[in-house]
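Trainee: Protein chains in written order, with numbering that gives the first Met the number 0: chain A, 0 to 158; chain B, 0 to 435.
Calculated from the structure, these hints are not laboratory results.
Since the structure is predicted, the reported quantities are computational estimates derived from the model, not experimental observations.
Accuracy of the hints is not assured; some may be wrong.
To give an idea of the interface, some chain B residues facing chain A are shown, with a C-beta separation under 8 Å as derived from the structure [claimed, not checked]:
| # | residue |
| --- | --- |
| 1 | Ile58 |
| 2 | Tyr112 |
| 3 | Phe392 |
| 4 | Val396 |
| 5 | Ile400 |
No more than 25 Å apart at the CA atoms, straight line, and that leaves these computed lysine-lysine pairs for DSS-like [said to hold, decoys possible]:
| # | chain 1 | residue 1 | chain 2 | residue 2 |
| --- | --- | --- | --- | --- |
| 6 | B | Lys136 | A | Lys106 |
| 7 | B | Lys136 | A | Lys1 |
| 8 | A | Lys100 | B | Lys92 |
| 9 | A | Lys1 | A | Lys66 |
| 10 | B | Lys92 | B | Lys130 |
| 11 | B | Lys2 | B | Lys390 |
| 12 | B | Lys410 | A | Lys1 |
| 13 | A | Lys2 | A | Lys106 |
| 14 | A | Lys106 | B | Lys130 |
| 15 | B | Lys2 | B | Lys410 |
| 16 | B | Lys368 | B | Lys348 |
| 17 | B | Lys92 | B | Lys206 |
| 18 | A | Lys2 | B | Lys290 |
| 19 | B | Lys290 | B | Lys206 |
| 20 | A | Lys100 | B | Lys290 |
| 21 | B | Lys184 | A | Lys1 |
All C-beta atoms in this analysis are idealised placements derived from N, C-alpha and C, irrespective of residue type, glycine included.
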Amino acid sequence: MKKAVIVIGLGNTIMSDEGIGVRVAQQLSSFSAEFPQVSFVDAGTGGMSILHLISGIDKAIFVDCAKMGQQPGTIRKFTPQEIKTTKVLAHQSLHEADLIKIIDLAKQLDQCPAEITIFGIEPQTVEPGCELSETLAGRFDEYVTMIRQELAKTTSGGL
Amino acid sequence: MHKNMNINVHHVTRVEGHGNIVVNVNNGKIEKLQWQVPEAPRFFEAMVRGRSYQDIQTIVSRICGICSITHSLASTKAVESALGLKVSEQTDKLRILMHYSEQLQSHTLHVGYLAAPDFFGEPSVVPLVPKATDAVKTIVRAHRIANDWSDLLAGRTTHPVTLIPGGLTRIPTEQQLRQLQKTLKDAVPDLKAIAGVVLSVAGNIPKFERDTEYVSLKQTKPPTYTFYHGGITSNDNKGAALPIEKWHDVTNEYVVEQSTAKWTKWHRDSYAVGALARFNNNAELLSPMGKDAANMFGLKKGCCNPYMNTVAQLVECFHIVETSIALIDELLTKGLKQEKVISSPKAGKGSGCVEAPRGILFHEYEFDKNGLCTAADICIPTNQNHASMQKDFEKLVPEIINESEDSIRLKLEMLVRSYDPCISCSTHMLNVEFVK
């Protein structure tokens, strides 16, 4: 049985800051007892699998590394309507993925949650490596707290 | 004939992955015609050095979000070979079942989301939805079944967590396997519907042939259309198969100026891997439904039209589902048992090989007496296809040079897509601008 809310961590943990979303979601899952209506998923770089994860869900919260033109380490909360993607896809391979396009497809198929929130975190370093940059590591607890607060707000509404 | 033409399809996205198509015609003469891959995803080989044999799978499962089960299985087999670990028959069968789930995931994605828009004349799957809503929904359903199937066997859809050297940390219940079997049986009409839709637009698959060497796994004991066991063969190898440990004799990696990814060659100056390679080397071993699907499209052993790789993937979808239904029967007949897995560090070197959805994949590791990795070597299918793609370009472009520039560009892009190269999977981050 699917839960009402899903927190999806995206990214690659062997590409330093690119894995921030996965690491935050993993940390948040240690608070799962506080949020029985919420499932926490490390979706890695599974791309189109997101379509299935969000189907039948009331609210999806994504945590992802995002190039937003901000200072490295900045976290911003936004909805898909507040942004446009600047990602250039060659459409040559299944290995390209763009969350915004996947959300578009879910909408077209009428399989999209009513509410979607994205937490984007500006990277300092995206290169091979299993560790976060000092900038993001130093603010890690802040990211977790911010999304925990969002979850507390979301679930207190009686979802 | 175009007097002058410049086609430059540049895929400039993120740090590590891009493939470019370059065609320059000057005064009616083709001056430059290249598939450029200025990328070599080799960093993970350095990343596993110094790590325990128990950590290798977890790291390499992140190499790719589409082939994470495949990388995990190849690495686990290599580690087991290095440490001299044998797995039980039950583990072997459950891993094969896990592997099939990823083949179905990837093939349905490729056929439905990447190739079908080409056949329908759409730039991507999103605008295809209003044009072929039912077809897209059927594809999504089939893909979802494959994802749930991976979830059951691998512990999650991507980046598996149930695989460890020597066995599995968790196995499904018999009831879950029975349910999976029913789901797969129920999925057959959807697969037939997908095949029907693809067949209806199959006339748009370019007719192009190039005599090609095809390399894949081949299993003789027992004879099986294999994705997992066996040795390495090609249509140039007179039916013989090399042991996996000899994979360097097959890949013969070399450096070319136009690409920082290494290219490969065996008997000729290039070879191709993937569904069409497997089909060409093993077609007679397909399941009955797989053979029916091949007949439906007129796909015959010896086909050397690279665009037909997509059809070969579709054929394999039928084979995978039918074979998995039978495999679940075998597992249930014997009954599932919880098995204890024990492994200990040991010095050694081992190779592991499985078929990724897009072709044969090799992993090799060396460990010291403490089980720490001292060397790693991985050869991905996409690198093995680069030379073949270049050779296809060189034969195709002169044949279509009188067509419009748009038509030439589209056919080259479709050719690249038919191979489904893994050129940018290790980062998926958002690139956004705020509009509100």
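Trainee: Tell me, which hint numbers fail for this structure?
Mentor: Hints 3, 4, 5, 8, 9, 10, 12, 17, 18 and 20 not satisfied by this model.
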